[in-house]
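Could you build all of it, start to finish, from the sequences and the hints given here?
Protein sequence lines correspond, in order, to chains A and B. The UniProt record's numbering applies: residue 1 is where the first sequence begins, and numbers increase by one. The UniProt record's numbering applies: residue 1 is where the second sequence begins, and numbers increase by one.
Don't read these hints as lab results, they were simulated from the structure. Small disclaimer: the values here were computed from a predicted structure and weren't measured. Everything hinted at is true.
Computed Cβ-Cβ distance ranges for the label pairs, DEER-style:
id, chain 1, residue 1, chain 2, residue 2, range
1, A, 245, B, 275, 21 to 31 Å
2, B, 49, A, 245, 48 to 58 Å
3, A, 26, B, 107, 58 to 68 Å
4, B, 270, A, 285, 31 to 41 Å
5, A, 32, B, 268, 39 to 49 Å
6, A, 84, B, 275, 21 to 31 Å
7, B, 274, A, 50, 26 to 36 Å
8, B, 40, A, 279, 20 to 30 Å
9, A, 289, B, 28, 37 to 47 Å
10, A, 172, B, 6, 53 to 63 Å
11, A, 268, B, 84, 22 to 32 Å
All C-beta atoms, glycine included, are put in the ideal place defined by N, C-alpha and C.
2 protein chains.
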Amino acid sequence: MTPPFQKVALIGLGLIAGSMAHAMREQGLAERISGHARSAATRETAAEIGLVDEVTETAAEAVRDADLVVLAVPVGAMAEVAAEIAPHLAPGAILTDVGSVKQAVIDAVAPHVPAGVHFIPGHPLAGTEHSGPRSGFATLFRNRWWLLTPLPDTDPAALDRLESLIRAMGANVDTMEPPHHDLVLAVTSHAPHLIAYTMVGVADHLRRVTESEVIRYSAAGFRDFTRIAASDPTMWRDVFLHNKEATLDILGRFAEELFVLQRAIRMGDGQHLHDYFTRTRAIRRGIIEAGQDTAAPDFGRSAKAD
Amino acid sequence: MTPPFQKVALIGLGLIAGSMAHAMREQGLAERISGHARSAATRETAAEIGLVDEVTETAAEAVRDADLVVLAVPVGAMAEVAAEIAPHLAPGAILTDVGSVKQAVIDAVAPHVPAGVHFIPGHPLAGTEHSGPRSGFATLFRNRWWLLTPLPDTDPAALDRLESLIRAMGANVDTMEPPHHDLVLAVTSHAPHLIAYTMVGVADHLRRVTESEVIRYSAAGFRDFTRIAASDPTMWRDVFLHNKEATLDILGRFAEELFVLQRAIRMGDGQHLHDYFTRTRAIRRGIIEAGQDTAAPDFGRSAKAD
Numbered sequence: 001m002t003p004p005f006q007k008v009a010l011i012g013l014g015l016i017a018g019s020m021a022h023a024m025r026e027q028g029l030a031e032r033i034s035g036h037a038r039s040a041a042t043r044e045t046a047a048e049i050g051l052v053d054e055v056t057e058t059a060a061e062a063v064r065d066a067d068l069v070v071l072a073v074p075v076g077a078m079a080e081v082a083a084e085i086a087p088h089l090a091p092g093a094i095l096t097d098v099g100s101v102k103q104a105v106i107d108a109v110a111p112h113v114p115a116g117v118h119f120i121p122g123h124p125l126a127g128t129e130h131s132g133p134r135s136g137f138a139t140l141f142r143n144r145w146w147l148l149t150p151l152p153d154t155d156p157a158a159l160d161r162l163e164s165l166i167r168a169m170g171a172n173v174d175t176m177e178p179p180h181h182d183l184v185l186a187v188t189s190h191a192p193h194l195i196a197y198t199m200v201g202v203a204d205h206l207r208r209v210t211e212s213e214v215i216r217y218s219a220a221g222f223r224d225f226t227r228i229a230a231s232d233p234t235m236w237r238d239v240f241l242h243n244k245e246a247t248l249d250i251l252g253r254f255a256e257e258l259f260v261l262q263r264a265i266r267m268g269d270g271q272h273l274h275d276y277f278t279r280t281r282a283i284r285r286g287i288i289e290a291g292q293d294t295a296a297p298d299f300g301r302s303a304k305a306d
Numbered sequence: 001m002t003p004p005f006q007k008v009a010l011i012g013l014g015l016i017a018g019s020m021a022h023a024m025r026e027q028g029l030a031e032r033i034s035g036h037a038r039s040a041a042t043r044e045t046a047a048e049i050g051l052v053d054e055v056t057e058t059a060a061e062a063v064r065d066a067d068l069v070v071l072a073v074p075v076g077a078m079a080e081v082a083a084e085i086a087p088h089l090a091p092g093a094i095l096t097d098v099g100s101v102k103q104a105v106i107d108a109v110a111p112h113v114p115a116g117v118h119f120i121p122g123h124p125l126a127g128t129e130h131s132g133p134r135s136g137f138a139t140l141f142r143n144r145w146w147l148l149t150p151l152p153d154t155d156p157a158a159l160d161r162l163e164s165l166i167r168a169m170g171a172n173v174d175t176m177e178p179p180h181h182d183l184v185l186a187v188t189s190h191a192p193h194l195i196a197y198t199m200v201g202v203a204d205h206l207r208r209v210t211e212s213e214v215i216r217y218s219a220a221g222f223r224d225f226t227r228i229a230a231s232d233p234t235m236w237r238d239v240f241l242h243n244k245e246a247t248l249d250i251l252g253r254f255a256e257e258l259f260v261l262q263r264a265i266r267m268g269d270g271q272h273l274h275d276y277f278t279r280t281r282a283i284r285r286g287i288i289e290a291g292q293d294t295a296a297p298d299f300g301r302s303a304k305a306d
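What follows is the structure, encoded as structure tokens:
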């Protein structure tokens, strides 16, 4: 069977692009994959492990004759990359991105896209706390959601083609308005990440006085926070700077709620706490029913590593 | 080989007590295990699945002739249970607990302990978001820390005996002053749990307007929060009410830090965010090196459930 894409160009060779390369190869979705990363060290590693068929010195080279171009760079780098590759995009090519924020990426990229190129912004809801060209794996997208935020003039045939590719990598596709995407992600991902970073920072201060006890005895809650807070600093800096309004809105609500619970602790209002904690349990059940996680005990992870 | 304990009494038959029963049976650590739970439904389930050798109607019956008694009830229930069992404790018995707070448990239990009974407060740093008599499993404690906070007059031989039992269940033992335990746990566990509960509550409000999108698209951060926030409401209510000072102290520091990061987002201070996020990565590495978690990608969990 002929692969659905002749040449896929991956701009940026981190966790997401690397996982796409693995998944597309495993499923035979691209005749050829070229890749470019700004960092020479990343390009070298990618070439060494054969992550893609061809590692190019420039982004422009990578996109030449590609029928699919994927921008997999931090959100803050999208504008520059788009400007650089725009004159080299093939007519009829699909251009997509994997940024965690959508409106800011559209504002940065759309003005550069030449007529005849189909720009369809996207965001795979998948990741780990690891980054770099060695961090990808073929199953990263399996059973995860991949949101697309097509523009009003998006060509339905191009959208179909991109959706088929994404489904072939194992993900589910949904479409959404860009600002709505940014609000939903602020609450499900961006605010939680900032909160996890903050808590780990607080522990860091305390750690200095307790000689690593905090690390040694990091129980349930804190371990999960540190995993979240170990994510790529550049990517997350850009997320917060480019989804500023929605993130600050959610963080404001969060601070209000937290103060109410803090007050309940201070006043000894056990009923309030119990009611609140009972309600949050139901949300967890909803997530398990929605298939976005399993009910398997969290702590199995460490047992498995024995 | 004769088991090290003749009769172990488990008061409370939830996740921790159930896991102890499984682990002690697997390792042959008790000749006989009796158990009691306040709820008739819990007692019925425990008897039905044969969790222990004998399920008793009262706590007093369970502890009769036991050479080890484990209080595995919510922190707020410790005083009442201690008062009830005290007259029935066998001379020379070891009495321990598994509460997440230590000073408050000591204040609640110690006044009831008769002379000749060795009260050694303890806290296994292990758990899942599940609770109840069916939730336990033998490997829960494997490679986890089990903190003991012996009192000034604790008998060294009794302490040795309890430590050996805990090690035989797979855990590592360390001892600590009770107030210090409560501070360390406030930062590694109690504050993170309250924060997770809060964030899930915020999402709950938003969920009402976005028709379950928040659940459907719950990415990395939020999923981890919901797992934490699904923990037993009664247990956690009691933790916060009984470790009030340390928890409020850490939450105060947390709010300060969060506001500084919120301000950096508002002002567009990318350098501050990047520096902060880079520092938190190092803490994560420390935890992996300390053996409290693995570097395996978090998202493997859902792939495994396919």
